[in-house]
Amino acid sequence: MGGGLGDRALRSPHAFLRDKSGARVAELDKTHSEVGVPGDWTYASAPESRDIVHIRDRYGYYVGGEWLEPAETYETIAPRDEEPLAAIGQATPEDVGRAVVAAREAFADGWSSLPGSERAKYLFRIARILQERSREFAVLESLNGGKPIKESRDVDLPLAAAHFFYYAGWADKLEYAFPNRRPRPVGVAGQIIPWNFPLLMLAWKIAPALACGNTVVLKPAETTPLTALLFCDVLRQAELPAGVVNIVTGDGRTGVALVEHEDVDKIAFTGSTDVGKAIQRQVAGTGKKLTLELGGKAANIVFDDAALDQAVEGIVNGIYFNQGHVCCAGSRLFVQESIYEPLVAKLERRLATLRIGDPLDKNTDVGAINSAAQLEKIRELVASGVEEGAEIYQPPCILPEKGYWFVPTVFTNVAQSYRIAQEEIFGPVLSVLTFRTPEEAVEKANNTPYGLSAGVWTEKGSRILWMAQQLRAGVVWANTYNRFDPGSPFGGYKESGFGREGGRHGLEPYLEFDE
Amino acid sequence: MTRLPVKKTYKLYIGGGFSRSESGRTYEAEGQNVARASRKDARDAVRAARGAQTKWASATAYNRGQVLYRLAEMVEARVAEFAELCSGRDEVERSIDRIVWYAGWADKLPQVLGGSNPVAGPYFNFTVPEPTGVVAVLAPDEPPLLGLVTRVLPPLVGGNAVVAVASEARPLAAIELAEGLATSDVPGGVVNLLTGRHAELAPVLTSHMDVNAIDIGGANGDASELERLAADNVKRVVHGRADVQSPWEIAAFLELKTVWHPMGQ
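These protein sequences, in sequence, are chains A and B. Just so it is clear: in the first sequence, position 176 is 176 by our numbering, and no numbers are missing. Just so it is clear: in the second sequence, position 138 is 138 by our numbering, and no numbers are missing.
Treat the hints with caution; some may be incorrect.
To be verified - Among the chain A residues that face chain B by a calculated CB cut under 10 Å, a handful are:
| # | residue |
| --- | --- |
| 1 | ARG181 |
| 2 | GLY276 |
| 3 | LYS277 |
| 4 | LEU294 |
| 5 | ILE464 |
| 6 | LEU471 |
| 7 | GLY491 |
| 8 | ARG504 |
| 9 | HIS505 |
Hints in this document: simulated from the structure, not taken from any laboratory. Beta carbons: idealized from backbone N, C-alpha and C, even for Gly.
Start from the sequences and build out the full structure, keeping to the hints where you can.
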């Protein structure tokens, strides 16, 4: 049984160590003792206090600037220990309808005709308040989503604030963004976001929508609604007019109701390719504008002249950042054959130094898996990798008793046809493949229905530019990985979706043009 | 005694060659027997387009511009013939001018649609437009020549390969254009022209897993089923208008690629 294999991997990573890895671990210990690290040092954690966060027992929907009481609720938990955090509303189609009405009224009632310079000031306010309350948001993000506080503090929050700041500046400059076109807002935008970067994805959706004069109904992911709900307090502090942003919570049924609502003019979705296709079908024939930010199976390609230590850091950042819950994660590592062995040895050694554990511990590198369902999916795919014949490596580490955890995993001896090389795992699982020539690397890298991102590691400038041109992906990171910026357009080719978020290009999905 | 003229056999244009429908079928349009393309013809056309696309996209922008300009030259040389197959000389001249207008965009698109991005860190970051790949076009019924040119040139100038279904009622102008394409420098397979029933061909192209984008502006009747089919491989769906001219028409068939590289010593 697939799940059974995964269970063993989880509780006892040693069970999966390949034969030679025992020797490798011993070698590591030896190195440690040579540099004089006492073997009996115990780990001292550096937990971030959660006192800064106040979580209510129960949350309704934020509609028209007020809280609506939900009829039905579900529990949102902390994936690090399964602690219940709050009761969250399961919005019905009627609830969604109220939110859309509120958004439509706010749109017609002044927001869309407000001068861009005034809209800008609201967005600047939101950016500033997020900066001011960033610690609170970071702790809540890590608590509810399981990501390391180091990441929510240093990546999610600064980027979310920066996104609002960036698009604030566009609000009164839209006529300069698209030559010879007269832009106007689309209307009411229905936005559905995933659980991997809950607040950041909210920022990616709301900031450009508002800058362009639209109003919004946003549904956060089922498992991670808390930062979106806290964001409503930011809106209150910013004195954003009622109804401009409405937040409804719930599972996929709420999302379906939002997509189906006839008074929604535009749908923006970030999530899996399967759901994206379903939404594209649902929207067919309605005339709604649509942007999709879907899955990925990115190739991270390392040539033999690359700076290996830097590449190893990039590989680790590429696939273990945010537990691999990243649509653009570098989940397929392509290594040029001549450096395969030294690179894999360095990588496995680096893996053994990753600290896996409490997301609120400031030392933690890899946090908790977001949900039981996601953990089950990762286990199932990892089991398939073992079954299909790949060699698995997982560093020795002690995992907490409670909560959802998965040891960072490297598969070698992977064939392109294996499920672990084809399907998006959305977890801390890397598949290593090899190539000989740049042409072969390109062909293998492009051999996927996805096309979101790719990485290239080489010291040769001309090769970087050639590779960047050949790779069929919306974002190419050369000698770096997983960099994001509000000014940098992000989005996929092929089945990774269409439309861009970020930069001037990120405005277009939220505008209509009179031509 | 008056001479009996030699009549033309109206064929499909696939992979740079003229062929009858593999199905052996024709239908009568504008008083002529015109090839009625089958599902297999449509799939063959997609395959030809895929085979030709990479090379077309990797030609220099200057080269693509010249090749398309050459197409305008070919149409200009046949103004009289084209005029008989559409609304007249004016439509032909507008079509030629539109081809020239789009030809000039080939080497300007990245400057208008892309650029460098000021990111908060020591990185050089730039965005370039690239073709989405193979584009299927359902040409509008009217105007038969200008409508086809209006819909085919935007994906073409951006580096895509095109499979276009001609106006169902008035397909002869499209076949004439195919002859212009064949004698221009547009490589075989980069533009493929099918004649036949839209209702039969549209679902095949819309659900084809190796078509990246579809322009359903010329679809007859309800397009929602086509849009549903397009979701199978997350196709880009464009509702093209029959008479419009803008770089944004080109942009609809382009992807944007953003590249990051660290800056340092």
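Quick rundown of the hints versus the structure:
1. ARG181: holds, 7 Å
2. GLY276: holds, 7 Å
3. LYS277: Since the shortest Cβ distance to chain B is 5 Å, the answer is holds.
4. LEU294: Holds. Min distance 7 Å.
5. ILE464: For A:ILE464, the interface hint holds, since the closest Cβ of chain B sits about 7 Å away, which is under 10 Å.
6. LEU471: holds, 8 Å
7. GLY491: Constraint on A:GLY491 satisfied, holds at 7 Å.
8. ARG504: With Cβ-Cβ at 8 Å, under 10 Å, it holds.
9. HIS505: holds, 6 Å
The structure fails none of the hints (numbered hints given earlier).
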